[in-house]
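With the hints as your guide, set chain B onto chain A.
Here are the chains, one letter per residue:
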Amino acid sequence: MTEPDFDVAVVGAGPAGSMAAMRLAQRNLSVVLVERGERPGEKNLSGGVLYPAPLADALPDFPRDPTPEAPWERRVVRHVTSSVRPDSVTSLDYEDAALLTTTGSAGSTAALPNAVTVLRARLDPWLAERAQEAGAFLMPGMRVDSLVTEPGPDGAPRVTGIRADGQDLRARVVVAADGVNSFLARGAGLRPDPAPRDLAVGVKAVLAMPAGRLEDRFGLEPGQGAAHALVGDVTAGVAGGAFLYTNRESLSFGVVLRLDALTRSGRSAHEVFEHALTHPRLRRWLAGAEVIEYGSHLVSESGHTGVGQVAFDGLVVAGDAAGLTINSGLVLRGMDLAITSGLLAGDAVAEAIEAGDASATGLHRYAAALQASTAGADMRTYARTPALFHRPGPYGPWGEAAERVLRGSFRLDGAPRRPLRHLAVQAVRRSGVGLRTWVGDAAALWRSV
Amino acid sequence: MSERTPVNLRLGTTRFVTDSQSHIDPSALRAGSPAARAVIAVCPAGVYREVGDRVLADAAACLECGACLAVAPDLGWHYPRGGTGVTFRQG
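Chains A and B, in that order, are what the protein sequence lines are. Quick note on full-length UniProt numbering: the first sequence kicks off at 1 and runs consecutively. Quick note on full-length UniProt numbering: the second sequence kicks off at 1 and runs consecutively.
Be aware that one or more of the hints could be misleading.
Reference listing, derived: stretches of chain B covered by chain A, where coverage requires no fewer than 3 residues with Cβ under 8 Å from a Cβ of chain A [to be verified]: (1) 10–16; (2) 42–50; (3) 62–75; (4) 82–90.
The hints are simulated quantities; they were obtained by calculation from the structure and are not laboratory data. Glycine included, each C-beta is placed from N, C-alpha and C at the ideal position.
For reference, chain A alone in the conformation it holds in the complex:
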């Protein structure tokens, strides 16, 4: 083998790639961080809530306050999960001063917010700068077309570099942090293509709103933020949901639609987005807000079962490319898992190179570290939630039943009151789905949460 151009080539300057590149450069390895946008973040889009504890553990200078330089928007102190029907909204509204801070594991995380809202055009360049400060060489505006492989001793392909613009760039190890589509690992036949039911398309708009109006509308103190998750008629019943997050002077609003359900629905993604954006029950938050950007991004919905193999001969896979997302039903995570996996990948790849073994065996320490981490434990804890969300209950029948029970309780129409238990039984009977489905929903809910 010819001498490599770099010890490590990291593909993708998102949270996973930048954190991997930073750790590798801190270990005095030569690292190239290749990004297809002209500037990191240009190609990236997320709903927008980051749980920053793992990032602040790795970077103690992570800003605790929303100063102009801080790469985040608002501290999330209020989480609202709502079932939206054409005429009603039923919500779990959780606000807690304890969310202003989290203790984290390093002890140095005083006043670190539990969760912050982010816009990727600000977060991702900040992360990539940390990698550059550590000594990684950022190569922006370059699309990597494929992995360069050679047949290994056992016939399986061994990754020896990357190919971009017809040029080969050789590296001892490649870190594929190339996002949810992960063309690199799939193109080399190393990871399977996910099924449409394991993917959802996120369609998002950023809407401008002055800070004062935003705080009034969402019931917030200055600088504080809210995260709303909505399900039901907001997506016209298509499996998935909607989100509404507060930034400094804008809102992030979008829908997430499972590809199999969307294809069956007879509607298009932009029709469902339009339906959500103009939904009468959401007008109190969105009215008069002007769209300043429209975008989309795929989301992996398979949870733990979608992760699979993450270490190969000369290659590790991190972040969205490794399917690292969690939807617990209440909490949606991805960026914090990407950050953890990038940090662990950086450490493990450095150790493998120092030990002179960049084979799948040598790089297995990354897979082991990921499994042993809190991120790995959380992936396993919520391994069964995707099965719950494959059931139709969350997208219609549950919200309809809740509406019947609450309407029967609150709406005094002159008729004698019926006890809550009767209202509940009647709501289940009239729901249009059989008792067996309700029992199945209850069992899936119990197993998954």
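Structure of chain B alone, referenced to chain A:
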């Protein structure tokens, strides 16, 4: 497709740098086929449309999410060349 549909108005807020080479080749799709209906349904940018028995793609409006490829593996689709395509200023 009218120029004034809601999706077109919203796409007007997003910045694009058009690649001189199209990164989408829909020639393997037939109009009316399940794959053609699926790519039209899942694309948030309304990139795909049917003309006669063909499927055409307006690659310049592509948001690069990859939803189309996930539902139609026969589609020719990859990211546009480095430095071109969608440029999110918010994300």
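Against the structure, the hints come out as follows:
no., hint, result
1, 10–16, "holds (count 4)"
2, 42–50, "holds (count 5)"
3, 62–75, "holds (count 9)"
4, 82–90, "holds (count 8)"
Hint compliance for this structure: every hint is met.
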